[in-house]
Amino acid sequence: MSDSKTITLELFRYHPETDSEPRFQSYEVPYDEDWVVLDAINWIKDYVDGSVTHRWSCRMGVCGSCGMMVNGEPKLTCAAFLKSYYPFPVRVEPLVNFPVERDLVVDMDGFMEKLRDVKPYIIRDDVNDTSQGEYRQSPAELAQYKQYSMCINCMLCYSACPVVGHEEEFLGPAALALGHRYNKDSRDRGKSERMEVMLSNEAMWGCTFVGECSVVCPKHVDPAGAIQQAKAMGAQEYFKRFVMPRGAGTKGAGASRGAGA
Amino acid sequence: MSGQYHRSHSRAWFLERPGYIRFMIRELTSFFVAAYLVVLILTLGRAAAGEAALAEWLQALSGTGWMVAHGVALVMAVWHAVTWFKAVPQAMPIFIGEKKLDAPVAAVLMGYGPWLTVTAGVVWWAVR
Amino acid sequence: MTTHQHDVIIIGGGGAGLRAAIAIAEENPSFSVACVSKVFPMRSHTVTAEGGAAAVIKPHDSLEDHIYDTISGADWLADQDAVERFVNRAPDEMIRLEHWGCPWSRMADGSVAVRPFGGMKIERTWFAADKTGFHMLHSLFQTTLKYGAIARYDEHFATRLLIDDEGRCRGCAAIELRTGTVRAILGKAVIICTGGAGKAFPFTTNGAIKTGDGMAMAYRAGVPLKDMEFIQYHPTGLPGTGILITEASRGEGGILVNKDGYRYLQDYDLGTALDVSDPRHPQKRSMELGPRDRLSQCFVKEMWAGRTISTKDGDAVHLDLRHLGEARIDKRIPFVRELARSYAGIDPVHEPIPVRPVVHYVMGGIDTDANAATNIPGLYAAGECACVSINGANRLGSNSLTELLVFGAEAGAGAARFAMENAEYNLSGLEAQTADERERIRRTYFSSPAKSGGERIAVLRGELHEAMESGAGIYRDADSLNATCTKIAELRERYARVALDDRTNSFNTELTAALELSSLLDVAQTMAHSARERTESRGSHQRLDFPERDDDHFLTHSLACHREGAEAPGIEYRPVTITKWPPGARTYGADSGLKRKPAGT
Ligand SMILES: Cc1cc2nc3c(=O)[nH]c(=O)nc-3n(C[C@H](O)[C@H](O)[C@H](O)COP(=O)(O)OP(=O)(O)OC[C@H]3O[C@@H](n4cnc5c(N)ncnc54)[C@H](O)[C@@H]3O)c2cc1C
Ligand code: SF4
Ligand code: FES
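Residue numbers (the working numbering), protein chains in the order written: chain A, 1 to 261; chain B, 1 to 128; chain C, 1 to 601.
Hint data in this document are derived by calculation from the structure and do not stem from the laboratory. Computed from a predicted model, the values in this text were never measured in an experiment. Every residue gets a Cβ at the ideal spot worked out from N, C-alpha and C, and that includes glycine. One or more of the hints may lead you astray.
Here are some, though not all, of the chain B residues that point toward chain A, as calculated from beta-carbon distances under 7 Å [claimed, not checked]: (1) His6; (2) Trp13; (3) Gly19; (4) Gln90.
Which bits of chain C does chain A cover? Going by a derived footprint, with three or more residues having C-beta under 8 Å, they are [stated by the list, open to error]: (5) 137-150; (6) 239-249; (7) 339-348.
Take the sequences, apply the hints, and build the full model.
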């Protein structure tokens, strides 16, 4: 640790067993310019106050655990360097638009359900036997969906989205982008099945294209773009159903299996 | 679990992030675009009613108040168009093989390019 | 009593656990599968794997070459029947994952692309740019969402295996983090897929969750931990953070140079340094594409010779990628660029990256046979927590991700069979064990009187780290290992006085940190003791006092066995299974390309 410089962290504290309202607690933390906000929180937990509660694991921006509001911005705390805030205090809160479990930990269950809803898996009846080798997919076909497959489920976009904040049912940027990811995968045949969910009112049309999800996304997924494309695709799908009410697209086997259990 | 803490939303949520403000402005500009459309439709109506009616209407539109309104509407429409052109590459990505066209290039190709071409055409037609 | 019953219980939601879950859901649709994980599955550490996953797919490759590379890479400590099974099943598993949507990088003709990797004679490592583990994990996780039969217990921390009166494993006790409730999660068979234990060391590529919990649980229940002395150091981690710069960067042609800009690997029997513009560069099984144990050892020797670069985070060498050019870097290893830029402030397109060896992978683990079964009936293990063993004394990069699939599926099948044949168990005994466990946790962590005078988790953990790094690192000897063993004994004794600030129930992550530390203390102890007893050098286990490989005495797996009441593990040995590939000299560089025929074929 370099000399004796310090930085102040103001942590959002809330304990479901004892508190009815949250409060902020300040901690002086040694300042190291290589440290990220997460390091500072870990230092507090290790050496000052073991009751501080937060999630983290990889510390390299890929597991998606450590999203929090840092001075009001949704951030991966393992990618937010103290040096970009020093010497001013850093205020850390749990991601907004989610219920708070405890301190910096939010309830993710809603998202986990929404993710399941968009059927984020390959749907097709004619599954090849592995002895036939891999499905062919050209680099150009891969590029069609690759960007949307980069989502680490960090939930920063949900915290940046005003629609998520106001409509609980809204599937939200990441879930919709992942649905779109499979719709664009040349190996998939489940588009119409998936679209059924995505087309439902709360889902996609709830998006007013504020676009902040794409601004905060640390992995450049561009969920806002994905949703607009999905809307266009959805309009086509509507039209298709209108002109040929039966047989628009194929039904996959996977989903019906899942639903039965 | 009842112990969870739910944060409430401020009614002025749209002031919370610069991006939200930009969004609100974008929505606002569409009001001006719509209002100008109404003016255009009225103009067409006048034109249908005969040359004299149109001349009278155009005369009215050249008053100072209307000129200011036109100016404002123009700024708003341009702003609105710019936000659209920014969005177009996101909503309609163009791929050349496995490479996605860079957003600025796509915006020029699908937005600014056609826009300027049409505008130039109109200007040419008007001053001809 | 909160009891939950299923057919098969899987502890761990990483690559191995999810593969096992899908295997059961596909093959036994009527079964209910529980997946218990201390983090949401997609947070599991598989997510960080970058470089790729090996499986023979291209016509110019052969299963036999993959087998030979793996066995020689393992310094002949791998069980050859297990390696054969692994290599034979790998392609099938990888294609299956392709069918499930994994976005593999592709060739122009649409077939999957492969890249060279360390210690592999032919390029056979499938990759999804340099986020292979991320894409594999998310593809697997998203695929599990298809199956309603897979019940998830997310953010449930397993603390103990539950064994019935007949000695069969029937579930686990787990703390639901949200409420602090200790639940009995019961099934007819159990699979442990809890990943590695790199967090026993201070400087590691491993995330916070890799604390060897499953290894410790199995060990305490009576399963030996096998080959725990073999810890892999990856040669290229960022100094300071330990963030991994994937081997794929060398597979793509990156080179390692010392402070004089010299490719020092050529001085250590790893081949000749071809110019980077030579079309034959990078040469497989040679130089930068030598095995990880060798490369990490070369670093230490360079450091001893004073030829490394000193940085504020310790000594380093340079990984130079500049000659690859921006386009190739962005296409094939974009994450490397992103990581180096944000965490080291270096753009590899313009500057070399300082790197140093970093603890990466535990070759050892829960002793299983080639069917992923342990010595406890009904208990299976797969993934990094298990030791089958295919990795022996040194794992080849990109074999591990494939191992998750092959042995995850294997464990799923085995557990399902066992569950079918052993359906009946006595509930009350298992619930009683859970009640005991609940009481033990309360007593140990919540009822110690004063915080003052108590031991702090971070302090104990820090001292453990120091002991492991100084005594059980890349090079060890009797003195260093003795000191480490002594220190661990002291820490275990002090752990009895561990004191928590937080004695509440909901989301008590200080409690889980304490439980993780206790796992680490057990696992680290088996590492240090196994290392002390193995008086030879092999693969990643290098004894300064016994520098030679000793096949006469140590062509054996070490088995660290928990002994009730004893302070330290007992170390036993079991011969390595050698089928067709008798131990030979482990050569890399010029003569490594020689084709070796297995004996007797
Ligand atoms: C940075 C990095 C890069 C790597 N790159 C490669 C590569 O390119 N190629 C390759 O082949 N290998 C690579 N590896 C190795 C490989 O990624 C790992 O060995 C492998 O992913 C481990 O998978 P797993 O399923 O066994 O465990 P993990 O993915 O670690 O999952 C463990 C699971 O167990 C759960 N768990 C643990 N303890 C408990 C508990 N007490 N209660 C409940 N649940 C628990 C966790 O929640 C988690 O779900 C890399 C490793 C690292 C660290
Ligand atoms: S889309 Fe981006 S911000 Fe949203 S969850 Fe995924 S990675 Fe995070
Ligand atoms: S700790 Fe994994 S993303 Fe930050």
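Structure-based check of each hint:
| no. | hint | result |
| --- | --- | --- |
| 1 | His6 | holds, 5 Å |
| 2 | Trp13 | holds, 6 Å |
| 3 | Gly19 | holds, 4 Å |
| 4 | Gln90 | holds, 3 Å |
| 5 | 137-150 | holds (count 8) |
| 6 | 239-249 | holds (count 4) |
| 7 | 339-348 | holds (count 3) |
Figure legend: structure checked against the earlier numbered hints; every hint is met.
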